[in-house]
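Protein chains in written order, with my numbering: chain A, -3 to 721; chain B, 4 to 541.
Don't read these hints as lab results, they were simulated from the structure. Hints may be right or wrong, so weigh each one.
Stated by the list, open to error - Listed below are the simulated DSS-like cross-link pairs for lysine-lysine, each with C-alpha atoms no more than 27 Å apart in a straight line:
#1 B/Lys377 / A/Lys449
#2 A/Lys475 / B/Lys426
#3 A/Lys519 / B/Lys535
#4 A/Lys527 / B/Lys425
#5 B/Lys356 / A/Lys449
#6 A/Lys537 / A/Lys563
#7 B/Lys432 / A/Lys136
#8 B/Lys432 / A/Lys93
#9 A/Lys259 / B/Lys510
#10 B/Lys356 / A/Lys347
#11 B/Lys478 / B/Lys515
#12 B/Lys478 / A/Lys93
#13 A/Lys297 / A/Lys259
#14 A/Lys137 / B/Lys457
#15 B/Lys425 / A/Lys449
#16 B/Lys358 / A/Lys449
#17 B/Lys432 / B/Lys464
#18 A/Lys347 / B/Lys224
#19 B/Lys426 / A/Lys347
#20 B/Lys510 / A/Lys347
#21 B/Lys515 / A/Lys93
#22 B/Lys355 / A/Lys449
#23 B/Lys432 / A/Lys475
#24 B/Lys426 / A/Lys519
#25 B/Lys457 / B/Lys535
#26 B/Lys355 / B/Lys426
#27 B/Lys88 / B/Lys110
#28 B/Lys377 / A/Lys347
#29 B/Lys355 / A/Lys475
#30 A/Lys136 / A/Lys161
#31 B/Lys110 / A/Lys291
#32 A/Lys192 / A/Lys137
#33 B/Lys355 / A/Lys347
#34 A/Lys347 / B/Lys231
#35 B/Lys457 / B/Lys510
As a plain string of letters, each chain reads:
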Amino acid sequence: MDHQRNKTVLILDHSSFFSRPSGVTFNVNVQNTDQQQADEVNNDNTLGMKPLWTCVVECVLEYCRILFDIFEDDALVTLIVTGIDQRDQSSWWNRYKNLSQCMDFFAGIQPPQERSSANDDDLLKHSLNEAITALCTRSKKQSSPSDSDYTNSGHIVLFSTFNMKRIEIIERDARVFHESHNHMALEVTDFVPLAKCDLTLMDIRPLDQPIPTTNPEFHSVTSILHRTLYYTQTGQMLFTRMLQMLLKQHNLALTTVTGIPMKEDVASRSSLNYDVDIVHPAEVHDSLRERASLKYWRQIKDDVETIVLKWSSASYDPENYYDTYSAFRFSPLDVNSRESACLTNFLLSGKCVLLELSNVPAECTVNINEYGDEKNLNTSDIDLSLAPANNRLFSHMIISHNQELMIHALAFGMNNPMSKIGPCYVVTDEKDHVSLNDLEELMDEVDDDVLEKDLRVDSFINLIRTTTLYPIDTITSGKIPIEDSLRLLERHTRRCPLIINETILFNLPAPMNLLTSLILREKLSDEDEGKCLMALKHIDKMERVGEALPVPNNFQYTTKVMTPKAKKDEAYRFLWREIDYFVRGYKESSDSHRRIYQNIVDRRKSEYEQDSSVYQSNKVDFVFPMDETSSNGMTTTTMAAKREKASQENMEKPAGRVWSEFSDLKQVLAANSLRDMWNRKQQEKRAPEFDGRTEYPPPRVVPLYVNLNNKTANVPPTSSLPEKM
Amino acid sequence: MPTVLLIDCSLGMAERFSLTIKQGDNMATTMNIEKRSLIAKIIEALMTNVTTPTKLDTMSVVLFAGEDTIKIVQNFTKNSDDIIKSVQKVPIFGDLSLRSAIEFSKKYLTTAFGAQRSQKILVFTDSSHRDDELLNKNFTQSNIQMDVDLRKPAVADEHNKVSSSNSHTDVSFVCIRKPSNSDRARLEDLTTQAQCSFSKIYWLLKREKENNSTVTQDMIKDMITNIKADLTDIFVSVLKCGHYESQLAVYPIIKPAILQTTGELLQPSNTLTVNGFIELSSIRSAMATSKHILLPIQRYTRPQPAVPMFATKKSAVGATTASTTPSSPSVSHQKKLNTTNNLYYLLLISLKKEKSAALVSINDQWYGAIHCQKFERKKKSSRLILSVFEPGDCIPWISSFERLGPYAMVFPPDNHGELAYKKQPWPVKPFARSYAETFLIWCRQNNFQNDINKFVRASAKLPDKVNIFHRELNKICRGAFIYGLRERLFHLLQKLFQRQIQTGKIKPEGVKHVQNIINYMNRLSSSDRYIKFEEMST
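Chain A on its own, in the form it takes in the complex:
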């Protein structure tokens, strides 16, 4: 729907001809069996005759309804009634923005007079001129002159009564008008030249008048102007013609959703199957065309082609992500009917339905039994069944998006090969290359449940909820909402561990969890600040009382004395380091943050002076695993290359940019060699430091890659990666 849409002008003849009775009746009889008999005797009291005008208005409004449902404000349709002055000549394409406005327009028009006036033909000519003016007027999308000006095309549909002479006059007039307008368009920028114009004439006749032919007559007046003439009687035939014309003009198509199960009424348990016809852009059927010619699913219903797709009775969860590749709006053909209402309510309530191809023709599929050699054909591994005849083949999905009905084309049906690809991509040391590996032993470890135990899933889910995106209508100036989300993600991941077993702080119960959640805020109220300080006091108290901490199972004690007391002390030391580290990451957010941090520093100052540097290296390791890439988007390959250069020793360790190493305190303790310091200095020179690394007090800076030299020596050569990139 990206390309520019055709404009449509509908002209309704308001001459006395249309006050004639159409032969179509309407009945105000209340359908009650006992009353019916009485009324049948007295038909005059309940039956009324629709004038031709009513029939045309009904048809025009239905045309508009479908257009508005499918194209919304891009429907580009405008209405002209002969002899009725349009007040505002400039806003042709803004006037009718929805069906209500079209209805309002008709509500303000008197039905045609029965007395004929002499200048009906002149009025029609005037309307035709108006219509061409409208087509040459810029729509909202054409607001400025551009190349697309030369693809400006439109339809004029004229509902009237015609004879050969009249048609000739209209053709001539239309030609004169569009030629003069195109000339004008060369000089006036408000006008767009008309590159293609289809003039459709609808010859309306009452039911009792026969029509010469049911087929439309085509005639090319000029290379730009084409005329189509439909003869139609009022009633169902008019409606069918309108639909044919609509589908053709706007490249729409019809699908019949068949076999919709529907309870007859509350009392009866049986359900009957119903069909609902829906109208949508013709592109929806492209996917079918690629499988086989459309004729296999095509049916003719009331002279209009439709593709029959089966409602799939299995329940489908809108919380699945189906592989769809296109989506278009659709509208039910008979919108107020019970069946349509039932379907639309079902969809609007949030459910989605898959549509199934009832049968795929044999000549368009490959039957492996037919082509395979029984002996040689290995059928052991056929989990992808190749016989869609037995297998259901889903081709489309109907669903509502924010109360808009849409039809999606599904890509694979249900046969998605991606779900069969191995679990991980493996870089092997030996052969110096990358491969996909699905060894059983490796598959075991990707068991979701096992992973869940190790990772801090709950806290990440909180983050997901915090940054779940919702559309915003009004934006405050200069702010891009999605950047707020990025900022939130940054804040929440700045100093939080990924793995449960590596933290004490984040495993602590209330009131310490207040600290970890409140600090993440950009601003703290006095009350919040108080809560945080209370939490710190609480820890202090716990330590004094000697309460046990929730120490992770694999906590690495550095102390040589393995008494419970010594262990506890170390756990507390570790906890304070965590707190210190965590709060330091946010201390620049506000004065409150800084005060809380200062409080921590004051509290533990004396104890930590001697090993503060050790602690710093630890912090770097787990928070800035990829410091440089995060700040400037440098690729990992260059990182990897650097790492290789730096690593000289050989130790059994995977790529060491993960949190898991945080717990290896021994390693960290040993890491602070002279060369590390030198390396750190080198790194400092390279680029302006990331905020989070700036140490307090300046000018000291948190070092990078301290572990690298002694632990990550065995980083598998990733030399094959650059080739891939």
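Once you've looked at the hints, dock chain B against the given chain A.
Here is chain B on its own, set in the frame of chain A:
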């Protein structure tokens, strides 16, 4: 992407070549083998490696010769051994009809996987050289081809061209000898005629060395490397979520896309940045131009005899894994070392639990969504799937990606309370849709009848529910104005209600209301514009 290995079985495949196999340092054995065996060797080499393409692809083997001589010898499988086995005995038939074979393969792929996602056909053929002893045969063959060429322009309209360039089926050729320019053009032409896109030609021997028809194993190895590089075409990328990062393999490769609004060609960036999350029930299977599997990259070292290091050093994750499986120490150590893609797994599990998708930016103005999908072979494990959207804002129900704000900002908690997440409905675009609102559509008799019935039924309940009655009245009267039916319809309705009163269908207390509306209709029929009942009576 699924791949069909399409193997030529025509007479030409019986041509002999000498193959030199190096053994040890300087020993070399030269064998005289037929082309078909050579092809079997190539496929074997392709499959027996550690990095066999079947790890990523599902593949099938189809033999072809004449127009009707097409045989599927191996259905789509991920088992390399089956594929190798199936090509060991390639029979020889007479004719060669490449085009029908490609068309068949395409149909075969479509039958199995639909036609919307990328697929591959790898043709192993000899038709690149026809100036050998097979000149005669190839000559007739090219004649057939020419017939087709002449016939083609009649059908080759614009539509055909467009669809072939957009085709998701790639065709590559593996030839023994480098094809001449005209041969190449012929193969390209064949591909387009079958509405596939031409990808590449690999060859073993260069054309200049025509007389020297010795194939060495190195040649095969080189070619295999090339083929494999294209077959298992992955894209190594970094997944970022705030400060968390994880390295991933994206398969198949993300193709550059064009931003419709500016016509700019966008390359996918190496970093997929998580911008936020959208519930699956809100993103509602948004359409994707391509789907990719995201696999964590793990550094794998072959299990070695346990080094003392392992015994003392335990990484955090490994410890728990090891504690659950204390046996087989080397394997479990191997495992724990591979569990290093913490963000990948964290995202995977959280998305699975939350039924959510992560919105990632692939480039400026180019987005995709990552969701978690179950791995079919093993129910307990899942993987992440990336759906790449068309660049720009092309999803009708997400009007703008940039205008998506995080929950915490869009629905801020009251006075600094805790954020309690509750799924919110997405705003509905204010547009009156005929199926969501009631419109007076009277083009079918039953629509009209329904509206009248409602109205009359409401009248029977009077004086209760006066409001409903008036609402129905206003609706009908507005309809009468819209459809130009006022006098006739009002007249009939007046009569109807008079009759209803006479027959006692209206409760005595309701008669007053009915009289009122009869008067209203009287007045309305002479009015030139529609006035609501309430407005008229005040």
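Going down the list of hints, with the structure as the test:
Between B/Lys377 and A/Lys449 the alpha-carbon distance is near 19 Å, which keeps this suggested pair within the 27 Å criterion. The suggested pairing of A/Lys475 with B/Lys426 holds, with an alpha-carbon distance near 24 Å, which does not exceed 27 Å. With a CA separation close to 54 Å, the supplied pair A/Lys519 and B/Lys535 exceeds the 27 Å bound. For the proposed pair A/Lys527 and B/Lys425, the alpha carbon gap of about 26 Å is at most 27 Å, so the pair holds.
Pair hint B/Lys356 plus A/Lys449 holds up; C-alpha atoms about 13 Å apart against a cutoff of 27 Å. Proximity of A/Lys537 to A/Lys563 is assessed by CA-CA distance (about 18 Å); at most 27 Å being required, the pair is judged to hold. Distance check on the hinted pair: B/Lys432 and A/Lys136 sit about 19 Å apart at the alpha-carbon level, within 27 Å; holds. A distance of roughly 14 Å separates the Cα atoms of B/Lys432 and A/Lys93; the hinted pair therefore holds under the 27 Å criterion.
Simply put, A/Lys259 and B/Lys510 have alpha-carbon atoms about 34 Å apart, too far for the 27 Å limit, and the pair is violated. Taking the CA atoms of B/Lys356 and A/Lys347, the gap is near 20 Å; set against the 27 Å cutoff, the hint holds. The hinted pair formed by B/Lys478 and B/Lys515 meets the criterion: a straight-line CA distance of about 20 Å does not exceed 27 Å. For the given pair, B/Lys478 sits about 21 Å from A/Lys93 by alpha-carbon distance, which is consistent with the 27 Å threshold.
For the hint pairing A/Lys297 with A/Lys259, the CA-to-CA distance comes to about 25 Å; that is within 27 Å, so the pair holds. Distance hint between A/Lys137 and B/Lys457 is unfulfilled; the C-alpha atoms sit about 42 Å from each other, more than 27 Å. Between the alpha carbons of B/Lys425 and A/Lys449 the distance comes to roughly 25 Å, so the proposed pair stays at or under 27 Å and holds. Taken as a hint, the B/Lys358 and A/Lys449 pair is honoured in the structure, with Cα atoms around 19 Å apart against an allowance of 27 Å.
In summary, the hint linking B/Lys432 to B/Lys464 is not supported, as the alpha carbons are separated by about 37 Å, beyond the 27 Å threshold. At most 27 Å may separate the alpha-carbon atoms for a hinted pair to count; A/Lys347 and B/Lys224 exceed this at roughly 53 Å. At most 27 Å may separate the alpha-carbon atoms for a hinted pair to count; B/Lys426 and A/Lys347 meet this at roughly 16 Å. Between B/Lys510 and A/Lys347 the CA atoms are separated by roughly 43 Å; this puts the pair beyond 27 Å, and the hint is violated.
About 40 Å separates the Cα atoms of B/Lys515 and A/Lys93, which puts this hinted pair outside 27 Å; it is violated. Taken as a hint, the B/Lys355 and A/Lys449 pair is honoured in the structure, with Cα atoms around 15 Å apart against an allowance of 27 Å. Taking the CA atoms of B/Lys432 and A/Lys475, the gap is about 22 Å. The hint holds against a cut of 27 Å. Distance restraint check for B/Lys426 and A/Lys519: the Cα-Cα separation of roughly 25 Å lies within the 27 Å cut-off, and the hinted pair is therefore satisfied.
Taking the CA atoms of B/Lys457 and B/Lys535, the gap is near 18 Å; set against the 27 Å cutoff, the hint holds. With a C-alpha separation of about 16 Å, the suggested pair B/Lys355 and B/Lys426 falls inside the 27 Å cut-off, and the hint holds. In summary, the hint linking B/Lys88 to B/Lys110 is supported, as the alpha carbons are separated by about 24 Å, within the 27 Å threshold. Annotation: proposed proximity of B/Lys377 to A/Lys347 holds, straight-line Cα distance about 22 Å (limit 27 Å).
Taking the CA atoms of B/Lys355 and A/Lys475, the gap is near 31 Å; set against the 27 Å cutoff, the hint is violated. With a C-alpha separation of about 37 Å, the suggested pair A/Lys136 and A/Lys161 falls outside the 27 Å cut-off, and the hint is violated. Only pairs whose Cα atoms come within 27 Å are accepted, and B/Lys110 paired with A/Lys291 is accepted, the gap being roughly 18 Å. Under the criterion of a C-alpha separation no larger than 27 Å, the hint pairing A/Lys192 with A/Lys137 is consistent with the structure, at around 18 Å.
For the suggested pair B/Lys355 and A/Lys347, the alpha carbons sit about 20 Å apart, so the restraint of at most 27 Å is met. For the suggested pair A/Lys347 and B/Lys231, the alpha carbons sit about 43 Å apart, so the restraint of at most 27 Å is broken. The straight-line distance between the Cα atoms of B/Lys457 and B/Lys510 is roughly 17 Å, inside the 27 Å bound, and the hint therefore holds.
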